[in-house]
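Chains as they are written, first to last, in our numbering: chain L, 19 to 441; chain P, 19 to 441.
Among the hints, a few may not be true.
Intra- or inter-copy, both count: the list cannot distinguish identical chains.
To be verified - Listed below are the simulated EDC-like cross-link pairs for lysine to aspartate or glutamate, each with C-alpha atoms no more than 16 angstroms apart in a straight line:
hint: 1; residue 1: LYS312; residue 2: GLU49
hint: 2; residue 1: LYS179; residue 2: GLU425
hint: 3; residue 1: LYS31; residue 2: ASP239
hint: 4; residue 1: LYS114; residue 2: GLU190
hint: 5; residue 1: LYS131; residue 2: ASP350
hint: 6; residue 1: LYS324; residue 2: ASP350
These are calculated hints, taken from the structure and not from any lab test.
2 protein chains.
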Amino acid sequence: MRIIEKSAFLTDKNNRSSAYHSQTVRTRVAEIISTVKEQGDSSLFTFTEQFDGVKLNELRVNEQEIAEARDVVGEDFIQALQEARRNITAFHESQKQPSWFMGEQNGVFLGQKITPLDRVGVYVPGGKAAYPSTVLMNVIPARLAGVPKISIVTPPQADGKINPYVLVAAYETGVDHIYKVGGAQAIAALAYGTESIAKVNKIVGPGNTYVAQAKKLVYGDVSIDMIAGPSEICVVADETANPQFAAADLLSQAEHDEAASAICITTSEEQGLTIQNEVNEQMNQLDRHDIIEKSLEKNGRIVVCKSLDEALELVNTIAPEHLQLMIKNPYDHLHMIRNAGAIFLGNYSPEALGDYFAGPNHTLPTNGTAAFASPLGVYDFVKKSSVIHYTENALSTASESIITLAEAEGLTAHANAIRVRKA
Amino acid sequence: MRIIEKSAFLTDKNNRSSAYHSQTVRTRVAEIISTVKEQGDSSLFTFTEQFDGVKLNELRVNEQEIAEARDVVGEDFIQALQEARRNITAFHESQKQPSWFMGEQNGVFLGQKITPLDRVGVYVPGGKAAYPSTVLMNVIPARLAGVPKISIVTPPQADGKINPYVLVAAYETGVDHIYKVGGAQAIAALAYGTESIAKVNKIVGPGNTYVAQAKKLVYGDVSIDMIAGPSEICVVADETANPQFAAADLLSQAEHDEAASAICITTSEEQGLTIQNEVNEQMNQLDRHDIIEKSLEKNGRIVVCKSLDEALELVNTIAPEHLQLMIKNPYDHLHMIRNAGAIFLGNYSPEALGDYFAGPNHTLPTNGTAAFASPLGVYDFVKKSSVIHYTENALSTASESIITLAEAEGLTAHANAIRVRKA
Chain L
19 MRIIEKSAFL
29 TDKNNRSSAY
39 HSQTVRTRVA
49 EIISTVKEQG
59 DSSLFTFTEQ
69 FDGVKLNELR
79 VNEQEIAEAR
89 DVVGEDFIQA
99 LQEARRNITA
109 FHESQKQPSW
119 FMGEQNGVFL
129 GQKITPLDRV
139 GVYVPGGKAA
149 YPSTVLMNVI
159 PARLAGVPKI
169 SIVTPPQADG
179 KINPYVLVAA
189 YETGVDHIYK
199 VGGAQAIAAL
209 AYGTESIAKV
219 NKIVGPGNTY
229 VAQAKKLVYG
239 DVSIDMIAGP
249 SEICVVADET
259 ANPQFAAADL
269 LSQAEHDEAA
279 SAICITTSEE
289 QGLTIQNEVN
299 EQMNQLDRHD
309 IIEKSLEKNG
319 RIVVCKSLDE
329 ALELVNTIAP
339 EHLQLMIKNP
349 YDHLHMIRNA
359 GAIFLGNYSP
369 EALGDYFAGP
379 NHTLPTNGTA
389 AFASPLGVYD
399 FVKKSSVIHY
409 TENALSTASE
419 SIITLAEAEG
429 LTAHANAIRV
439 RKA
Chain P
19 MRIIEKSAFL
29 TDKNNRSSAY
39 HSQTVRTRVA
49 EIISTVKEQG
59 DSSLFTFTEQ
69 FDGVKLNELR
79 VNEQEIAEAR
89 DVVGEDFIQA
99 LQEARRNITA
109 FHESQKQPSW
119 FMGEQNGVFL
129 GQKITPLDRV
139 GVYVPGGKAA
149 YPSTVLMNVI
159 PARLAGVPKI
169 SIVTPPQADG
179 KINPYVLVAA
189 YETGVDHIYK
199 VGGAQAIAAL
209 AYGTESIAKV
219 NKIVGPGNTY
229 VAQAKKLVYG
239 DVSIDMIAGP
249 SEICVVADET
259 ANPQFAAADL
269 LSQAEHDEAA
279 SAICITTSEE
289 QGLTIQNEVN
299 EQMNQLDRHD
309 IIEKSLEKNG
319 RIVVCKSLDE
329 ALELVNTIAP
339 EHLQLMIKNP
349 YDHLHMIRNA
359 GAIFLGNYSP
369 EALGDYFAGP
379 NHTLPTNGTA
389 AFASPLGVYD
399 FVKKSSVIHY
409 TENALSTASE
419 SIITLAEAEG
429 LTAHANAIRV
439 RKA
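Pulled out of the complex, with its shape left as it was, chain L reads as follows:
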């Protein structure tokens, strides 16, 4: 993990890839979407055979498969999952918003009505790894929002089954349907519907570059959570940071995949060197050593800043998905952080705590989008409608001003709609 100067780091960062995907991927994904729109289920079977190497007879997971999964995963896992579910539920309960109204004086009633979405689809990545936490973090807020129908799509394993940890998490959170389909074809099925899979209003959940591009293409016809990029951590460490802990957290981010990004910003060159050594020592003992090494080589950096102010301003420039403030009195500096998905304070609040357990959502804005985007929440699964009521008197009082504004815009039929109501 290289130690570099702030200026060199910023030069590198400006060469970051943008949300524009390659033309090749876009064209291929657009073709897949068109095919699913035209051919429905039959194309899903074909694509699954082609991309996942499995010939399925049925897309939907049945109850027997879920029962089998519960036998496989073990009681410890189910208990830990239920504990996490309780914490995630408790945190997201606080995000519920009521409908509200105001101004009922003088014959004016104005408000906003909150309504849950009708149907939501959750993409859960498959392949080598299993992500039960993705199920919890996406399904729980949708449930709390009051969404009546929630479906999961996830690619099948080579044996045609779904990972048992994912199935149990889906069962525990009360998912309505689970479909064995992944990739751009799964996104297309959720966006436009097929014989088996109902069209949804919103698609959430992480995925590879094909999934991300498919979400971008269907965006507008349905809602999506975000275009997810590789996962990132930024650890700000002053001389009070425990270097062993800081190193472990950087390594935990780097194990996600080779594109993951682990940045340490320190105000002490000595601390930087100690963390660098800790990273090298711990890395050798970790299972996913090979991925970690490539990820750190490519995107892992230790940046030395002159002051804490400079370090925190650099954080705002990076707008990291995960930020750990391993500094003295971290609460005192919270106001200086403008751009970060999740902020972990102190030596005992590692990212891994937030990934699984603490309660806040782990679906966070990546790739600098924390400058404008938020963690997934209950608010992502409702929509608002304005409500407006004026009495005859109230409208009469307002009518001249409305007519003036309408005519300034040259919209005289708008003015007419007010005039016909004048006694």
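Following the hints, put chain P in place on chain L, whose structure we already have.
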């Protein structure tokens, strides 16, 4: 305006255009964006000459131009604008959300920190019409959210100036910069920055198909409000509706442009016929007669339903941008509306009231997207960051569960980040 059966209406509706734009437009827009990214300001001057027919020396509007505009618009307009600004401000004040925290017991602190976006760009359409209301509806919520820098982009008129009503509205709402540039090139400039125009975090505001496509393409690199489609109204009229008023409101929607859509759903065939006659009579007296006639021919329909329940279910299927409930006891039926951008109640709450004056935002989800999207609001100009703090004891209590979950996902470096913290 044709009267049709519900089934025929639904068949037509399913042929609605989707958010997929034509390949030709997409390719052209992608080229414009690349050019602006590479060439900056000089390309903006070139495109403005090419598309708007104006050779500019300066993109930014200066103070003298604003002072001149104030002289042109007249005192009545300024007063009406200020009244609207007060109403819009009062409504949007209610949307402000505080940062919050919970669970500070047992050494656990969890919360969400709300931070305004750093920079926002507002697209204001130009051309023949002037839209000062667009300025109010986009700038006021951004200001209330605390956004420090707000820029407007809007295409210049043939004389190289900006419409004076737009300029005055920008002045009254305290916009920081106004730039004479429109189309896809303006969206590209806001998304990536040029020598004159600073990169923003979010782009809001309506526009033509080029602007909409450009917003879709830059989405992900910056945030956008929505992909706006043509404006729509849906008037539900029972026998208590005033047919003259209902007709005027349908006509006011139809005057926007030929693609605008005015739908009347009635539970009474007699009422449908009366409204049809009223539409024909009033239309002939309106300035924008030609646009209205084409719009109504193409997209204007009166649908007769058997019951109010059936009518309101049809509303949910349409998910209209604007909904007027011109029915007996409209409040009693509000719970049946799931999908609508804004809901206007009774005979004296016409859409035109909401377009300019009442206070709720007029930027609303179009083209059926009210099924998943919301009116623009203060919440669109802030982002949230999760905040997580555990003490050593709190983490120790949770550690076994976290390790179990991390290992179920095969992410052993995550488990390691917890283990190194165990005493």
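Here is what the structure says about each hint:
In this assembly of identical chains, the alpha carbons of LYS312 and GLU49 never lie at most 16 angstroms apart, being 33 angstroms within a copy and 35 angstroms across copies at closest. Taking identical chains as interchangeable, the C-alpha atoms of LYS179 and GLU425 are never at most 16 angstroms apart, the minima being 64 angstroms within one chain and 20 angstroms between chains. Taking the closest pair of Cα atoms, LYS31 and ASP239 come within 16 angstroms of each other only across two copies (14 angstroms); inside a single copy the shortest separation is 33 angstroms, beyond that limit. With identical chains, the CA atoms of LYS114 and GLU190 are never at most 16 angstroms apart, being 21 angstroms at best within one copy and 35 angstroms at best between copies.
In this assembly of identical chains, the alpha carbons of LYS131 and ASP350 lie at most 16 angstroms apart only when taken from different copies (14 angstroms versus 37 angstroms within one copy). Taking the shortest Cα distances, LYS324 and ASP350 never come within 16 angstroms of each other, neither inside one copy (19 angstroms) nor across copies (64 angstroms).
Going through the hint list in order, the structure does not satisfy hints 1, 2, 4, 6.
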